[in-house]
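Chains as they are written, first to last, in this note's numbering: chain D, 1 to 301; chain U, 1001 to 1154.
These are computed hints drawn from the structure, not numbers from a lab.
Check each hint, because a few of them may be wrong.
[To be verified] Where chain U lies over chain D, by a calculated footprint (3+ residues, C-beta under 8 Å):
hint: 1; stretch: 80–88
hint: 2; stretch: 105–118
hint: 3; stretch: 166–180
Ideal Cβ placement from N, Cα and C applies to all residues, glycine included.
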Amino acid sequence: MHKSLISIHDFSKEEILHILEVAREMEATGSSKLLDGKVVACLFFEPSTRTRLSFETAANRLGARVIGFSDVANTSISKGETLKDTIKMVSNYVDIIVMRHPLEGAARYASEVCDIPVVNAGDGANQHPSQTLLDLYTILQTQGRLEDVTINMVGDLKYGRTVHSLLQAMSHFNPRFFFTAPDELRLPAEYKAFMDARGIPYKESRSLQEHLCDCDILYMTRVQQERFSDPMEYEKVKDVYRLERSMLQGVRDNMKILHPLPRVGEIAADVDDTPYAYYYKQAQNGMYVRMAIIAYLLGYK
Amino acid sequence: MSEKHTQLKVSAIKDGTVLDHIPAQSIFQVIDILDLSHSENPVTIGVNLESRSLGRKGIIKISDRFFADEELNRIALAAPDATVNIIKDYEVVQKKKIDLPETVVGIAKCSNPMCVTNHQPVPTRFSTVVDHKKVKLLCHYCEKTTEEFIPLGH
Ligand SMILES: [Zn+2]
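All chains, please: the whole structure from these sequences, using the hints.
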C-alpha cells in the first residue's frame, strides 16, 4: 500500500523525525540521481509560484523529471473535468503527484482515487504539511533540538494554518508557547483545548515587545487578506505588528526569526542583516525537506 | 399527560417499526435520514406531542417495514435518545436502543462551503464526536467540524 502526505497527522512522531533526518542527508549531499527515471507531477490547481518552484527543484535535484501545470486556465479542468478524472489520468503517467488545490480536502480525495502517493502542497485553508515539516527542520537546525523549545507565534493566529499545524506537530516535543495576536486574530479555542488536554504551557499577549526576549523561536506570520470576509476587519489588523532591528536588543543569542514568506510589512528590511533573521534559510530548507518527502514516499529513504 | 394518552393520538399499526422519543424539531431530519418521503409503506407521523422528558416530541410509525440496525443507528445524528419498537400483530415484540455510529458515509452534508465534497462528486464521510451531549461531525476531507446534522441535498 502506498503512503501519501495529506495532513501532518498522517505522520507519526517517528516518521516526522525520520523525514527530518533524511532532509539533513539531502542538505549534506545536495543533488543526486536517486530518482533517475522517475516522473513527478506538480499539479497546481491554484497558482503558488514559491511552493511550486520548491517542489520542482526538489524533484530535479533528485534526478526525477517533472510534468504538470501551474494554474488551470487553458486546461481541460477549466472546461469542467472532474478532479477524479484529472488525477486518474495523470496517475497513469507518473510515479508521484504533488498537488495544490483551492478546495479543502481535495488532496485527501485525490489520494483515494489513485494508486500512487500524493503530496498535499496546500488544500485551501486546510493543510500544508511540507511547510510544517520544514518549520520543524528549521527549529531543529537552529536550536540543535526539538524538545523544550519556547516559540513565540506572532500575527494571524486565527486563520493561519501554518500556525495551527506547527503547534500540533510541536506537541510531540514538550514545547512552550507565547501567542502574540490582536484580539481579532487570537488563537481559536479548539487549539487552546488541544494544548490544555496535553498540558502544554502557553500565554497570550497583544504586545510584540512583551515576549521578544524570552523565546527561542520568533515565528512571524502575515495577515492574509483573502481569509477575511469583512474588509473592515482586515484594515484594522493588517499592520498591527512590525518587527524592527531596534526592537531586538536583549533577545536570546540563540533566538531565530522564522516566517513562512512572503512577508508584507511585518518584518522590516533592516532585520534581514541581523544574526536572528533565518527566514531565507528556512525557505531553502523547504527544498531539502521536500526532497526527503518525495524520496520517502517513493520508498527510497 | 401520560405516555398512554400520546400513544392514542397516533393510530396503532399491526406490523412494523415505531420510532419514539424524537425531539419535535428533529422529526423531519429523521424522515430524511431514513428516506421516508420515498417510502412505499404507509408512514404515520406525529409531531408536537407532549412528552414528560422532551417537552414536545415526535413519533414515526412505518407499517410493514423493519430496518437494519445500521440504518436505525443513523437516526442518532438527529435524535440520539430515540427509541425503536418493533411491532408484530399490534404488540411490541422488541425494544431497541440506537447507537451512534463511529463513521457516517453519504447522508450528511459538510457545512464548510470550501469543502471538496460540496464541489466535486465525492461521497461525504465523517467521524462522529460527542461534545456536551451534542453530536458533531468531523469531516474526513476538509477536517472541519459540522455542528448540526444537515442532510445531503439541503
Ligand atoms: Zn468537509
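Hints, one by one, checked against the model:
no.	hint	verdict
1	80–88	holds (count 3)
2	105–118	holds (count 4)
3	166–180	violated (count 0)
Hint compliance for this structure: hint 3 alone is broken.
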